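Start from the sequences, fold in the hints, and give me the full structure.
If you want the building blocks of each chain, they are given just below.
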Amino acid sequence: MDHTQLITQLYRSEFAKMVAVTGRLLGLQHIDVAEDIVSDTFLIAAEKWSDNSVPPNPEAWLYTVARNKTQDFLRRHNVFTGKIAPALKTENTAITDEDPFTDHAIRDSQLRMLFAVCHPAIAVEAQIALALRILCGLTVDEIAVAFFTNKETITKRLYRAKAKLNETGLSLEMPSDRTLPERMEGVLHIIYLLFNEGYRSSAGDSVLRKDLCLEALRLGILLTKYPATDLPATNALIALMCFHASRFDARDDTALYDDQDETLWDSELIKLGTYYLHLSAKGDKITRYHLEAAIARWHCTREDSHEKWDGILQLYNQLLQINYSPRIALNRTYAYYKVYGNDAALAEALKLKMESDHFYHALLGELYKTVNKARSKEHFQQALALARSEADRKIILIKLQNL
Amino acid sequence: MKEFMLAFRHAVESTPTEEQIAGMMKDWDNWIGGIAAQGKLAPGGKRLAQGGKVLSTSGIITDGPYVELKEQLSGFIMVTASGMDEAVTLAHGCPILMVGGNVEIRQIA
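Residue numbers (our numbering), protein chains in the order written: chain A, 1 to 403; chain B, 1 to 109.
Hints may be right or wrong, so weigh each one.
[Stated by the list, open to error] With a straight-line Cα cutoff of 25 Å, these simulated DSS-like cross-link-like pairs (lysine-lysine) come out:
#1 A:K351 x B:K2
#2 A:K285 x B:K2
#3 A:K151 x A:K162
In case anyone wonders, no lab produced these hints; they're calculated from the structure.
Because the structure is a prediction, the values reported are computed rather than measured.
As structure tokens, then:
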């Protein structure tokens, strides 16, 4: 590997960690500075390193440079607090090849940063952008791609989110025991949205999207390292993400439902998901993540059995009772069709009356296919007219052609 | 949207066994799931345990909970609907009807 590849790889793996550690030293109000310092550090590495002169321990080199820059900043700005100053005095500021921060301290900083970023005072969209930048180390360009928007929009969104962090005077303290359960809900929600950002969108760079999914998974696993955040819901969410991610390579953009090439499923991730699903089976509360994980687990079984779809239907029935969404209602109706057949499912589907939803018409098109070809065609055409993305239109066109 | 309670009653004589109830759970889940799929299930519904007591004005406590017709309340759900007609439509298909019970539909005042 040449040194530029090495730097790119280190940027991916270390940027977020370095920002978390630096940010913790500087305080949340200087999160911008922390980002700049870490970015500068990588620029310096790009200038100084060459193929023949990569430091023996590149990570430690990066951390040391970032730490020295942090200390310089603190001296210049005289923002020493009683907590930082004594700690820095005892530390060796010379560049060494030793890792200046333990893995444990880095994890701890990242966890605190995760809670700060997922603060309810910040708009959800901004939380996601901030998480992608600060916690996952994505560049502004990459975030813009992930959101299908431009760089300026993301820059503004990040700016506002950081201003909000400042304005609300948030600190990097962990939430109190009293507020932790509620804050955990927010954190898990954001991690799931991050994952979906990568998993659901059908356009864009698939390598980047997979990266996003894995970053979300990593943040979930980070939460399991601490007893207070290692909740049944945390494990259920990780299981859910593992099961979805296992099918990442098998997803066919032209398949409406699960017509996938099973040989592309990642069996290691399915195993990992099963492991976390077992860990999640504690306590007395069934969360949406438990139910969605159980559904996703069923989708990782190969046979198209009655038992499978009956299991999925019951899980959707429960899920809808705690977390209604139009998409879940449609998926539930599809499961209903797999268990009880066309006629019964049609009766259920027609009650939904989601006339302006192209997925609804696609489902009706599917359900009418064998009983009323003309109706089926009508609904697929309506779906086509209502579909917003090119990928969705492509799927529906194929359905129409196959009619 | 208005809120309604759908209360399920069945005759005391035909009180199902726990096994029968377990067997019917799927019907109940499908029915309630169907209402939830329309986004019309409101929070707060409960299944009630069988039996209970009734305290009357005279201070007499009797085994219950029976109303005059020897029926007992077995549970209720809350739904949202545009009006009574829609609430009644939602009540159709309730599994209690398959065992000779009935659904009482009441608007929340």
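Evaluation of the provided hints:
Of the supplied pair hints, the one linking K351 of chain A and K2 of chain B holds, its CA atoms being roughly 18 Å apart against a limit of 25 Å. At most 25 Å may separate the alpha-carbon atoms for a hinted pair to count; K285 of chain A and K2 of chain B exceed this at roughly 29 Å. Proposed proximity of K151 of chain A and K162 of chain A is supported: the alpha carbons are some 16 Å apart, at most 25 Å.
Comparing the model with each numbered hint stated earlier shows that hint 2 is the single one that does not hold.
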